[in-house]
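Asks: Those protein sequence lines, which keep their order, are chains Y and E. Those letters in the first sequence? Residues 1 to 600, per UniProt numbering, in order. Those letters in the second sequence? Residues 1 to 557, per UniProt numbering, in order.
The reader is advised that the hints may include incorrect statements.
Unchecked claim - Computed far set for chain Y versus chain E, every beta-carbon distance over 10 Å:
#: 1; residue: Lys18
#: 2; residue: Gln34
#: 3; residue: Val37
#: 4; residue: Leu202
#: 5; residue: Lys217
#: 6; residue: Met235
#: 7; residue: Leu303
#: 8; residue: Lys324
#: 9; residue: Asp325
#: 10; residue: Lys430
#: 11; residue: Asp447
#: 12; residue: His584
Claimed, not checked - In silico BS3-like cross-links for lysine-lysine, where the CA-CA straight-line distance does not exceed 27 Å:
#: 13; chain 1: E; residue 1: Lys267; chain 2: E; residue 2: Lys380
#: 14; chain 1: Y; residue 1: Lys413; chain 2: Y; residue 2: Lys587
#: 15; chain 1: Y; residue 1: Lys396; chain 2: E; residue 2: Lys402
#: 16; chain 1: Y; residue 1: Lys406; chain 2: E; residue 2: Lys402
Unchecked claim - Covered stretches of chain Y, as calculated for chain E (at least 3 residues, CB under 8 Å):
#: 17; segment: 106-118
#: 18; segment: 259-270
#: 19; segment: 366-374
#: 20; segment: 440-446
Keep in mind the hints are simulated off the structure, nothing from the lab. Values in this document were obtained by computation on a predicted structure and should not be read as measured data. All residues carry an ideal CB built from backbone N, CA and C; glycine is no exception.
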Amino acid sequence: MASVSLRENLGIREEVIKKACSVSMKTHKSAGKQLYVAEKIRNSHELVFSFPGSWSLSDWFIGSSFGEVNVDLELFPSLKYIGLNQIATVNGAFLNRFNAILDNTQFKKEVGTAVTDRKQVQVVFTGHSLGGPIAILAAIWFLEEYIRPDPKKMAPLCVTFGSPLVGDRIMSHALRRENWSRYFVNFVMRYDIVPRMSLTPLSSVEQQLRQVLNFFKARSQENVVEPSDFFVTVMRNALSVVSHAACKIMGNTNLLLETLSNFVELSPYRPLGTYVFCTGNEKLVVIRNPDAVLQLLFYTSQLSSEGDLPAVARRSLIDHLSYKDELEECLKMQSVTFLDDHHLEALPLSDDASATAESNMALKDLGLSARARLCLRAAGQLEKQKKSNQQAIDKKMEDIKNGLGKLQGYKDKCKHKVGYYDAFKISEDKEDFEANVNRLQLAGIWDEIIEMLKRNELPDEFEGRKAWIDIGTQYRRIVEPLDIANYYRHLKNEDTGPYMERGRPKRYKCTQRWREHAERMSNESLESCFWAEAEELCNKSGNPSIRDRVLQLKRRVEEWIRNGVLDEDVFLNGSTFEKLLTEHSLKNSDQNVVFQGSWS
Amino acid sequence: MDTEASPFESSEMLATFLTSTPLLSMSWSLCDRANTMPSQGFVAEQMGSVGHLAFSGVQLGSGPDPTSGRNLEPLVTATNGLFFPLEHQFDGEEGGGEEEGKEPVLVHAGFLRIFLSVKSNPNFQNRMLNMIQNSKSIVIAGHGIGGTVAGLCALWLLSYLQSISSNISVLCITFGSPLLGNESLSRAILREGWSGNFCHVVSKHDVFPRLFFAPLAPLNPQLHSLLQFWQLSMTSPPLALLAEKLLDEGKSQIFRTVLASLEGLAKAEQGKNVTCGFWPFGNYFFCSEDGAICNDNATFIVKMMHSLLLNSSPSCSIEDHLKYGYYVEKASLQVLTKTSFPPAELPESSYEAGVALALQSSGIACQDESVARPAKNCLKLARRMGRTPNLNCANLAIKLSKITPYRAEIEWYKATCDQSDAQMGYYDSFKQRGASKRDFKVNMNRYKLARFWDNVINMLDNNDLPRDFHRRAKWVNGSQFYMLLVEPLDIAEYYRTGMHRKKGHYISNGRERRYKIFERWWKERPIKEEEKKTRSTFASSPKTHVFGPEWRKLESG
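With the hints as extra help, turn the sequences into a complete structure.
Replies: Printed below as a string of C-alpha cells:
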C-alpha cells in the first residue's frame, strides 16, 4: 500500500498537531484563571483556541449515572436524527462548561474576528483531557454558526488529546451526515484510561475517580493511588458496552440480549470523528469507522494476562499525561497505518498472516486478539452492508419517479374537473383507482426506507443527500393530499382523530423534516397537508368563530402558491377548499375566472 | 434486509456480555448464602431498583425424590391457574385440534411441591410483594435444586406480571440445575417469548444438569447418597467427607448411565423423536476454564452436554457441581484478558473462526477431532436463520404495504362490477368470469394475497411473530378487511369449480383456515372506548362488505 502521510489523510499539518498538543498541555496551567487561551502559530495562518481541563469531579459528571442531557437545538440545530426526530444527548457537565465559555463575549468576538479576517485564518480548537470535550463542542458550535450558513468559509479543525467521550450515537451520526466528522481528530494513547471512563456509570467509580483526578492534578508519579481496582471497574463497564454493541453488529437475535439490557446501565456515549491511536512504540493507527473505534477503546487496553494488571493499570494513568513526548516521537517516525483503507471486514485474524503485512503490524502493535479482530471485521461488514442497502434503495428512485410521474398525470387530468384531491376523495373513475394503486405502491417503497432508517441500516450520510431530500419533498407534495383524501373519504377522523394528530404517516413527517433541515427553515413546511386543515375546518362548519382560521389558511395557501410549492388547482370550483371559502364568504371574485381561463 | 444468516457466530459474545455485568457474581453470592441457610429456603435483597432473590440448593425435610418412578406431573391440574399463560393454547386452530397427540405441559412433581410450599409461606409472600412494588427488574437465582425452584418462581412471576400488565423485567439465573419439565413446557415458554428470561449456567463437567436425561429408577440408592453428599458439602464440609466414602461405588455407575443416555440422545437423528421426558428450555451458559458461550437452541444444548461430558470423569462430574463460585470468579477476570490461541488453526472465514473460538471457550479443544467436529456441526446447526419477532413483524409490515396494491385492484374490480349495467355484483361476475385479462388479474391477486396471509399464519405457528400480534389493530383490521373483500371470491371459486359437490358445504368443509383465524381475531379484538362511538355513516369499504358471510349462506340454500 502506497504510504500516505498523516497530513494528506487528516488534512492537518504535523506542526499544527505538535503546536496543538503543546498549547493544550500548557493551557492547564491557566485553569481557573482563564476560560481559554488563543495563540497564533508563528509564520502561518492558524489560530489555536485551547481549553484548560479540570480535576474536579463535578466538571466530569453531573446528575444521574451518566449525566447525559439533550442538546439545545437552538445552539446545535444539526445534532439530531432528522427523519425520526431524535435529539442527540451530551454529557451535561461538559455542556455547562462550554456554555460558560460561550457566554463570555470575548470568546465570541475573537472567533468572529478570525472568521472575518481576509487572510483566511484556519481556526483550530484543541484541548487535552477535559479540555477535549470543550474543544469539540466549540468546533461544532463554530460549524453551526459559520459553516452551515456559508459552506465556502474556511472550516475549523478540532484536535483533542486523551479526551473523554462527549455525546451519544446520534451526535456522531449527525456529524457524519453533515460531512463534518473529518474535522475532528482525537489522539488516544493505547492505555489512556480517560477516553474509556465515559463508558462507566459514575456511581460505580465515584470514590476512586476523585483519587484519580487528584493524581492527574498533582502530575507527580510519586503520588500513587491504587489503580488496579479502578482500571478493572472501568474496563468491565467498557466491555459491557462494547460486547453489547458487538452482539448487535454481529446480528445476534437472542432474546436474552434484550432482557439483559434491562438489568445493566449501558453508557450512551460513543466516539465521534477520526481516532488516532498511539501504539506506544512510536506508531500511529488511524481509524474512522465509529463502531470499530468503540471496539478498540476496550480491546487496545485488554490485558495479556492477569499478571499484567498492576503494570497496565498504572500505565493507564500515566499514559494520560504523556501525549506530548509520545507524539513528538510518532510524528518524527511517520509510521502511520490507516485502518479503514485495509478492508476492515477482512482484516487478518492472527499475527502470522503475512498477506497484508502493514495492517497486520498495526493490529499487533495495538495488541488485538483474534476476538478483537473479529469485532473489527463485524464493524467493517456492517458499514459495507449499509452501503449496499443504500445502493438497493437508490435503484428504487426510478420507480418512485415513475410513480410520481403517473400521479402528476392524474393530477393534471383532474384539473379539468374538481381537482385531484376531490376527484380522489370521490373515487368513481378508473383513473382514481389506478391512482390509488400508485399511491399504495409508493407508500410501500417509502415505508421500507423509513423502516431502514429506524433500524440504522443506511449509511449516516443518507439523510443529507440532496437527491433524496428533493424527491422526498416532491413525493410529499404530490401524494400526501391523496392520503389525506383517503383518510377523510373513509372518515377515519371520526374514530381515530384528526389526520395531523393521529393519522399522518411517518413517511411524510420524515421527508418534511429532511427539507426543513436542509433549507434551515424556522417554520414547519406544511404545504402538503393543508387539505387536512381544510377538512378539519369543514367539519366545524356552521361555527362562525372559525372564519379567522379559514382566512389564515387562505393566506398561507396564497403564499405557498406564490412560492410555487402548491398548485392553483386547490381553488377549482367544487373542491373542498373552494366550498369552505364560499361558506365563509372568503372567495376572491376574480380567482376562478383566471384559472378557468388558463385551463379551458 | 433479507433473512440471511449473520456472517458471525456470536454465542460467545453474548456470554461475554453477561459475564461483564455484575449479574452472575451477584446471583452466585446470594445462592451461596442461601445454601448455607437452608432453613430459610431463600434470601432476598434489594439493590436500588433491582430486586435479587435466591433459592437454596439445600432443601430440608420434604426434599424431592428425583428418583421416584413417575416424577413428571401436569402443571395445569396441580397449580390452579398460577401459570395460566403456559396452559393457554392459541395456535390458531379453534378447539386446538392440532394439539391432539401432544403432551400437556409437565414439570417435575417434587420441585413443584417445593415451590408451592415456599410460595405459601407468608414471609416469602411479603418479600415478593415488596420486591414487585420497589423494583424495575428482578433477578431470581438458585443453585442445583434451588435453580429449579427459581425457574418455577420466575415462570409464576412472569405469568403474574403478565396478568397485571406490568413491565418489570425478570431474569432467572440457575447454576447447575437439573431439568425442570418436558418439551411441551419448553415450547410453551418459547411461545410466550420468555426464553430470553432464563439463563442456566452449566459448568463443563457438572452431572446434575444432565442427570434427568437418564432413567434413574435403578440408581435410587446411589442418587440418594449423591444428593446427600452435595448438600453436606454446602452446609458442613467435614461431614461431606464421610458421605463421599459412601458414594464411592455409585459415582461411576451414575456417570456411565448419564453418559450413555446422552450418547443416545446426541446421536439421534434430527427430527426423530427420542424422548427422555425432560427437555431444556431458555438459554444455556456453558462455562469452562477457558471461557463461556451462551445459546438457546435445545438440540445444540443437548449435544453440548454430551460433548463436554466425554472428557470428564466420575469424580470430576460430581465435584464440578460445587465449583460455580470458582467458575464465576474466574470468568469475570478472564474476559478482561486475551486468551491465546494457536494461530495456525484459525480459519480465514469470520464465521468459521468464530465457531472455532466459541468451542475453545466452551472447553472443547480443537485438536480433539472426534469431540470437536460434532460440536462444531451442531453449533452451526444452531445458527439462526431467523430474526427476532419484532423485526419479523416490521418486515411483515413492509410486505403488507407492498401487497396492498393487489387488494386495491380487487376493490376496484368490485366497484366497477357494482356499478356496471349488468348489476351482477363482483361475486357473480367472478363466478361466471370469462377469460378476460382483467378477470385473470383479479384471480392472480387473490392468489397473491392468500399467499401473504397464509405466510403470516405460518409465522405465527412458528413463534416468529410477537405474541400480541393478533391483538394489534393494524393486523386485526388488515386481516378483516382482506377477509371481507376476498373471501366472497374464494367462495365464488369454490362453487364455480364444483368443489361443493366433492367436498360439501363451504363453511364446514371448504373454508380456508386463515378465515377462521381472522374471524376469531376480529371477535376477540380489544375494543377501545373511542371506537364505541358510532360513525356518522359507514366508510365505504366495511359497509359494502358486511355481506361477506351472507354469500356463504346463500349458496348453500
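Asks: In terms of Cβ atoms, is chain E entirely out of 10 Å range of leucine 202(Y)?
Replies: holds (14 Å)
Asks: Hey, does histidine 584(Y) actually stay past 10 Å from chain E on C-beta?
Replies: At roughly 22 Å from the nearest Cβ of chain E, histidine 584(Y) sits farther out than 10 Å, so the non-interface label holds.
Asks: Beyond 10 Å on every Cβ pair: is that true for lysine 324(Y) relative to chain E?
Replies: holds (29 Å)
Asks: Minimum Cβ separation between methionine 235(Y) and chain E greater than 10 Å?
Replies: At about 5 Å from chain E, methionine 235(Y) fails to clear the 10 Å cut-off, so the statement is violated.
Asks: Sort out whether lysine 380(E) lies within 27 Å of lysine 267(E), counting only the CA atoms.
Replies: It holds: about 16 Å lies between the C-alpha atoms, which stays within 27 Å.
Asks: Far enough from chain E: is every CB of that chain over 10 Å from the CB of aspartate 447(Y)?
Replies: violated (5 Å)
Asks: Determine whether the non-interface label on leucine 303(Y) survives the test: each CB of chain E must be over 10 Å from its CB.
Replies: With a cut-off of 10 Å, leucine 303(Y) comes too close to chain E, as the shortest Cβ separation is near 4 Å.
Asks: At a Cβ distance under 8 Å, does chain E reach at least three residues of the segment 440-446 of chain Y?
Replies: holds (count 4)
Asks: Determine whether the non-interface label on lysine 217(Y) survives the test: each CB of chain E must be over 10 Å from its CB.
Replies: holds (28 Å)
Asks: Would the least Cβ to Cβ distance between aspartate 325(Y) and chain E come out above 10 Å?
Replies: holds (27 Å)
Asks: Examine the segment 366-374 of chain Y: at least three residues should have C-beta closer than 8 Å to a C-beta of chain E.
Replies: holds (count 6)
Asks: Sort out whether lysine 587(Y) lies within 27 Å of lysine 413(Y), counting only the CA atoms.
Replies: With a Cα-Cα distance of about 24 Å, the restraint between lysine 413(Y) and lysine 587(Y) holds, given a limit of 27 Å.
In terms of the numbered hints stated before, the structure departs from hints 6, 7, 10, 11 and 17, listed from lowest to highest.
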